[in-house]
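Colleague: Single-letter residue listing:
Protein chains: 2
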Amino acid sequence: MTINERAPEGDRSFDAVRDRLSMPLVEAMETQRAVRKVLPDEVDDAIVLRCIELALKAPTGSNGQNWEFIVVKDPEIKAEFAAQYRRAWRLYGSLGHRLARGDETMKKVLGAVQWQVDNFEQIPVLVVPCLVGPQRFYPGSLARSSHYGSIYPSVQNLLLAARAMGLGASLITLPLWSGYKARKILNLPATVQPCCIVPMGWPRGRYGPTTRKPVSKVVHLDSYGNRAFGDSGA
Amino acid sequence: MTINERAPEGDRSFDAVRDRLSMPLVEAMETQRAVRKVLPDEVDDAIVLRCIELALKAPTGSNGQNWEFIVVKDPEIKAEFAAQYRRAWRLYGSLGHRLARGDETMKKVLGAVQWQVDNFEQIPVLVVPCLVGPQRFYPGSLARSSHYGSIYPSVQNLLLAARAMGLGASLITLPLWSGYKARKILNLPATVQPCCIVPMGWPRGRYGPTTRKPVSKVVHLDSYGNRAFGDSGA
Chain A
104 MTINERAPEG DRSFDAVRDR LSMPLVEAME TQRAVRKVLP DEVDDAIVLR CIELALKAPT
164 GSNGQNWEFI VVKDPEIKAE FAAQYRRAWR LYGSLGHRLA RGDETMKKVL GAVQWQVDNF
224 EQIPVLVVPC LVGPQRFYPG SLARSSHYGS IYPSVQNLLL AARAMGLGAS LITLPLWSGY
284 KARKILNLPA TVQPCCIVPM GWPRGRYGPT TRKPVSKVVH LDSYGNRAFG DSGA
Chain B
104 MTINERAPEG DRSFDAVRDR LSMPLVEAME TQRAVRKVLP DEVDDAIVLR CIELALKAPT
164 GSNGQNWEFI VVKDPEIKAE FAAQYRRAWR LYGSLGHRLA RGDETMKKVL GAVQWQVDNF
224 EQIPVLVVPC LVGPQRFYPG SLARSSHYGS IYPSVQNLLL AARAMGLGAS LITLPLWSGY
284 KARKILNLPA TVQPCCIVPM GWPRGRYGPT TRKPVSKVVH LDSYGNRAFG DSGA
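Protein chains in written order, with my numbering: chain A, 104 to 337; chain B, 104 to 337.
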């Protein structure tokens with residue numbers, strides 16, 4: 104499998120793509136990227152369930168497994184989230200465009216998000232990972248970090264599994280700007296918190312490599328500012 | 104590679120283990136587990152840096168890459184975190200033991216955590232993933248979820264990469280119970296928030312499969328409580 108691959112064509116059943124999960128770990132990680140432009144074509148439920156099943160292999164605090172995953176395919180529910188997304192995007196999108204002035208990479212990202220906002224109802228599947236129960240009885244930011252640290256590792260497994268099977272996916276939070284409204288749309292009890300949305304579908308474009316800061320720019324040894332690993336480029 | 108594998112013996116240099124990163128994605132996920140009991144033996148810096156390099160491939164909100172990773176090897180700094188861990192564990196550990204009464208699996212986990220607390224100084228490497236900058240200007244829980252959603256996907260990549268190369272690792276937050284103290288120990292500016300600690304070392308025991316709720320128990324279709332996927336077991 105090469106980095107610039109198109110979405111699988113022809114048979115897109117679970118049986119046809121399940122073996123792609125044996126993609127080398129390093130390849131899945133190095134070619135993972137947000138794929139926002141997807142086709143309206145149906146996605147086999149079994150593929151989505153397998154992605155979630157692998158999400159469940161991620162760690163949770165004290166192995167609490169205090170999560171629920173809502174799979175959204177109903178056009179009316181998608182339309183409600185689309186309306187919420189557009190409301191939030193009117194504010195944050197224009198802010199983003201102002202900040203991105205002159206930054207071509209960021210402009211491209213904003214263009215892809217704009218496509219997603221405009222075509223949200225056409226996306227075949229949304230997965231909404233939720234946390235169940237209150238934050239732990241820990242002090243301040245420790246409670247918050249431990250809380251979200253029990254859902255986002257699973258979201259990353261979900262994204263990597265989607266990528267391996269050739270499915271486009273991304274990680275967004277804006278349609279959930281109103282927790283009250285999001286709970287109402289999904290009929291969630293007050294104890295269940297929707298954390299993010301992973302829209303999924305067969306990609307319109309290609310996967311591709313991502314650009315990241317080099318590791319030497321973000322690693323410190325023992326004390327902040329100690330760049331002991333220099334530009335070893337390991 | 105089988106599920107019940109021991110830590111690699113003999114040559115544990117980066118060159119000797121780097122090819123393990125081509126482990127099938129699904130195998131890395133299905134055999135990932137918290138490995139808390141590790142040997143004091145040195146871990147090649149290049150292995151740790153490669154794990155962090157792959158962590159950087161994970162998504163961040165608006166591709167902000169607003170992260171820093173502190174690698175701790177200095178015995179004095181480890182001892183300071185050990186003291187913090189013990190302080191927090193005196194309270195939460197005894198609470199945990201009370202809650203785990205009669206639950207054999209949880210007792211086993213608590214035993215492994217106790218080992219980690221008692222031997223924290225002996226763990227060769229701690230990685231401390233940090234978020235830089237304030238939360239976004241989003242409403243309430245959206246801001247918090249988006250914030251931590253920009254670090255924990257990378258932590259999961261770090262854990263999967265460690266697992267693939269045969270390194271034991273786990274995800275903990277308790278030694279950071281005092282943000283003030285943690286910042287002081289690592290010399291972090293006020294704008295840099297330590298989110299969790301990943302202690303790493305060559306495993307004493309074996310990897311093994313994890314037990315998780317079946318996917319049918321955590322998936323709902325369109326509306327909370329709608330178990331449309333039943334026990335399809337996909």
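Everything labelled a hint here was simulated from the structure, so no lab data went into it.
Just to be clear, a hint being listed does not mean it is correct.
You can't tell identical chains apart in this list, so a pair holds if it fits in one copy or across any two.
To be verified - Below 20 Å or equal to it, Euclidean Cα-Cα: the simulated EDC-like pairs (lysine to aspartate or glutamate) are:
| # | residue 1 | residue 2 |
| --- | --- | --- |
| 1 | Lys176 | Asp148 |
| 2 | Lys284 | Glu183 |
| 3 | Lys211 | Glu179 |
| 4 | Lys316 | Glu183 |
| 5 | Lys210 | Asp221 |
| 6 | Lys211 | Asp325 |
| 7 | Lys140 | Glu224 |
| 8 | Lys284 | Asp118 |
Colleague: Each hint needs a verdict: does it hold in this structure or not?
Modeller: So, going through the hints one by one against the coordinates:
1. Lys176 to Asp148: Within one copy, since 10 Å is at most 20 Å while 46 Å is not.
2. Lys284 to Glu183: within (9 Å within a copy, 45 Å between copies)
3. Lys211 to Glu179: Answer is neither: 29 Å inside a copy and 46 Å across each miss the 20 Å cutoff.
4. Lys316 to Glu183: Answer is neither: 37 Å inside a copy and 30 Å across each miss the 20 Å cutoff.
5. Lys210 to Asp221: The answer is within: 16 Å in one copy meets 20 Å, while 51 Å across copies does not.
6. Lys211 to Asp325: Answer is neither; intra-copy 37 Å and inter-copy 31 Å both fail.
7. Lys140 to Glu224: within (12 Å within a copy, 48 Å between copies)
8. Lys284 to Asp118: So Lys284 and Asp118 fail the 20 Å test inside a copy (37 Å) and across (52 Å) alike.
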